[in-house]
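> Chains as they are written, first to last, in our numbering: chain Z, 1 to 249; chain U, 1 to 382.
Just so you know, the hints here were simulated from the structure itself, not pulled from any lab data.
Hints are supplied without guarantee of correctness; some may be wrong.
[To be verified] No farther apart than 30 Å at their CA atoms in a straight line, the calculated lysine-lysine pairs in the DSS-like style are these:
1) Lys-269(U) <-> Lys-16(Z)
2) Lys-269(U) <-> Lys-195(Z)
3) Lys-32(Z) <-> Lys-308(U)
4) Lys-269(U) <-> Lys-111(U)
5) Lys-52(Z) <-> Lys-219(Z)
6) Lys-219(Z) <-> Lys-25(U)
7) Lys-196(Z) <-> Lys-47(U)
8) Lys-111(U) <-> Lys-50(Z)
9) Lys-123(U) <-> Lys-21(U)
10) Lys-123(U) <-> Lys-47(U)
11) Lys-269(U) <-> Lys-196(Z)
[Unchecked claim] FRET-style restraints, in silico, Cβ to Cβ:
12) Ile-159(Z) <-> Arg-200(U): 38 to 44 Å
13) Glu-300(U) <-> Thr-201(Z): 19 to 25 Å
14) Glu-300(U) <-> Val-31(Z): 16 to 22 Å
15) Leu-178(Z) <-> Tyr-335(U): 52 to 58 Å
16) Ser-136(U) <-> Ser-24(Z): 28 to 34 Å
Bear in mind that the values here come from a model prediction, so they are computed numbers and not experimental data.
Beta carbons: idealized from backbone N, C-alpha and C, even for Gly.
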Amino acid sequence: MKVLVPIKRVVDYNVKVRVKADQSGVDLANVKMAMNPFCEIAVEEAVRLKEKGVVTEIVVVTVGSKTAQEQLRTAMALGADRAILVETEENTQPLGVAKALKALVEKESPDLVILGKQAIDDDNNQTGQMLAALTGMPQGTFASEVNVADGKVSVTREIDGGLQTVELSLPAVVTTDLRLNEPRYASLPNIMKAKKKPLDTVSPADLGVDLTPRVKTLKVEPPAERQAGIKVASVEELVDKLKNEAKVI
Amino acid sequence: MNASLDYFNDTHRMVRDSVRKFVEKEILPHIDAWEEAGEFPRELYSKAAETGLLGIGHPEAYGGAGENDVFMKVAASEELMRCTSGGLVASLGSLDIGLPPVWKWGSEELKARVVPEVLSGKKIAALAITEPGGGSDVANLRTRAVRDGDHYVVNGSKTFITSGVRADYYTVAVRTGDTGFGGVSLLLIEKGTPGFSVGRNLKKTGWWASDTAELFFEDCRVPASHLIGPENGGFFCIMTNFQMERLMLCVMANMTSQLALEASLDYVKQREAFGRTLAGFQVTRHKLAEMATLVEASREFTYRIAAKIQAGQNCVKEISMAKNFATNVSDRLTYDAVQLFGGMGFMRESVVERLARDNRILSIGGGTYEIMNEVIAKQMGL
């Protein structure tokens with residue numbers, strides 16, 4: 001069976017980002033970029049399914065600028081077989097990406113789509129759900145365990161208060177949570193092999209989708225700086241402050 | 001960190017990311033314990049081999065990644081240094097000085113047997129030049145190898161040998177001929193050869209995670225087929241080998257500086273004195289600005305020389321200059337970083353404490369500061 005793994009190029013999780021002076025967004029100049037950590041987990045899960053003999057082909061895809069080829073190559077070094085770049089210079093948004101992915105699903109007919117539950121840049125947590133809605137495929141979100149057997153995928157989901165296991169008929173959409181697996185790192189021989197794997201570039205127009213952003217960002221501000229704590233002399237003072245200053249009780 | 005990206009291509013960046021993850025996952029969680037224990041698990045060699053890390057800079061024919069991509073070696077070494085232990089990097093990387101003479105000048109039989117075992121992490125390789133009687137004066141080394149039939153009989157000793165305790169293969173400089181540089185040869189000597197014994201793990205100022213030993217040869221019979229390069233032609237091999245070793249020492253020094261700078265930047269934003277953070281004092285900010293400038297200049301210098309080596313140019317003078325420059329900078333930066341940390345910088349729990357100790361060897365190993373200056377002066381026609 002074939003798996004489609006959509007991934008996203010984001011700011012490396014180690015980077016402490018700064019807001020641009022004009023408040024139009026986050027400053028990306030000279031900032032280290034990497035594959036979104038949830039996407040790495042999605043790639044890893046697909047590779048493990050392939051190693052188990054469940055999956056025969058892994059197609060990795062991203063919607064973004066030409067530089068995102070780097071992340072596609074990384075995914076191929078981790079074990080994906082081929083890659084598709086939907087090239088756009090637009091600021092990508094979940095609905096547009098989901099439409100592009102729907103077009104690719106129709107073209108590639110994967111049995112399973114595995115993608116990260118959210119990207120650590122915008123934290124939208126929408127693309128997987130939108131893709132499921134647009135294609136009519138069942139969805140299993142926030143997966144902490146995935147098992148494929150007999151034309152079905154069972155997905156254990158992390159929900160408030162515990163775990164829920166759902167069974168979906170294939171083809172289906174699965175989004176990955178943090179505890180699904182621990183991604184491997186690419187070995188040098190696999191990095192070299194990845195250079196020879198096919199990477200196709202298509203335009204949004206080729207797929208018949210319009211990626212123009214529908215949501216406009218008005219202003220981006222850094223979170224308020226944390227104030228230093230204070231020491232209180234007595235329980236009475238603490239209760240008084242919680243009641244009258246913090247107004248939490 | 002992102003400066004001079006033009007020296008590095010996409011593959012180098014992927015290797016860099018991969019090595020960084022290897023360090024974060026396999027080394028950083030344990031490094032403090034390994035430093036205190038004075039060694040790291042031997043399995044790390046095979047784990048590093050699995051990622052392809054050990055093969056960088058060695059020929060593909062024997063399981064390496066190719067010997068001609070200098071910047072891949074630089075990228076991987078820079079990231080490996082992020083484990084914060086120069087000792088681990090030195091021991092894990094001892095094959096980089098011990099093995100190249102074997103695949104460059106060893107017999108076909110020797111290459112086919114030894115190189116794949118080392119690159120796969122099953123065996124450890126070391127280089128043994130320095131003797132108790134002298135290190136810098138390679139041309140006057142005293143360990144003697146006398147031909148006897150199809151063997152050499154080796155007598156003498158070596159000291160300060162990185163990976164000396166645990167290595168399986170030692171590339172040893174011996175005297176086969178007359179006095180002076182024209183009588184020096186290289187021999188591959190295996191652990192377990194009768195007459196060859198290894199001393200205790202030497203206690204050192206820094207590089208604690210690295211095993212360093214003295215080696216003793218008493219009528220040690222080594223097959224003549226273990227000769228590396230022509231008999232009495234070893235001096236040239238040793239000098240050629242120094243170029244990459246010195247480049248790696250430049251990288252180690254620059255990364256020592258970089259890590260000291262990064263740790264200082266974090267610390268001065270948190271540490272408060274006289275009612276404000278250390279970063280709030282102009283004297284601190286200017287100190288850090290100067291530190292950053294020195295690291296930048298040294299790194300760019302090293303990259304430039306690496307590019308010349310990549311282009312096949314003779315860089316004996318320049319690499320010596322870069323090594324002295326880089327270690328001057330790392331001396332200053334590790335000193336300043338400890339000073340910024342104050343009492344905390346004297347505590348083993350601070351990374352700058354280890355960096356300062358580990359740094360001390362960098363202007364001594366692979367050719368001392370003074371020998372580097374002699375090399376430079378000679379190249380200037382003095």
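> Next step is simple, just say for each hint if it's right about the structure.
Evaluated hints:
A C-alpha spacing of about 14 Å is found between Lys-269(U) and Lys-16(Z), which places the hinted pair at or below 30 Å, so the restraint holds. Under the criterion of a C-alpha separation no larger than 30 Å, the hint pairing Lys-269(U) with Lys-195(Z) is inconsistent with the structure, at around 42 Å. This hinted pair checks out: Lys-32(Z) and Lys-308(U) have alpha carbons roughly 27 Å apart, not beyond 30 Å. Note on Lys-269(U) and Lys-111(U): the hinted pairing is violated, with a Cα-Cα distance of about 53 Å set against a maximum of 30 Å.
At most 30 Å may separate the alpha-carbon atoms for a hinted pair to count; Lys-52(Z) and Lys-219(Z) exceed this at roughly 47 Å. Between the alpha carbons of Lys-219(Z) and Lys-25(U) the distance comes to roughly 38 Å, so the proposed pair goes past 30 Å and is violated. With a C-alpha separation of about 25 Å, the suggested pairing of Lys-196(Z) with Lys-47(U) holds against the 30 Å cut-off. Of the pairs offered as hints, the one joining Lys-111(U) and Lys-50(Z) is violated, with about 37 Å between alpha carbons and a cut-off of 30 Å exceeded.
Restraint check: the Cα-Cα separation between Lys-123(U) and Lys-21(U) comes to about 24 Å, which is no more than 30 Å; the hinted pair holds. A C-alpha spacing of about 13 Å is found between Lys-123(U) and Lys-47(U), which places the hinted pair at or below 30 Å, so the restraint holds. As the CA atoms of Lys-269(U) and Lys-196(Z) are separated by approximately 46 Å, the hinted pair breaks the 30 Å bound. Ile-159(Z) and Arg-200(U) have their C-beta atoms about 59 Å apart, which leaves the hinted 38 to 44 Å range violated.
Between Glu-300(U) and Thr-201(Z) the Cβ separation comes to about 35 Å, which falls outside the hinted range of 19 to 25 Å. A C-beta distance of roughly 21 Å is found between Glu-300(U) and Val-31(Z), which places it inside the suggested range of 16 to 22 Å. For Leu-178(Z) and Tyr-335(U), the Cβ-Cβ distance of about 42 Å falls outside the hinted range of 52 to 58 Å, so the restraint is violated. Checked against the hint of 28 to 34 Å, the pair Ser-136(U) and Ser-24(Z) fails, with Cβ atoms roughly 59 Å apart.
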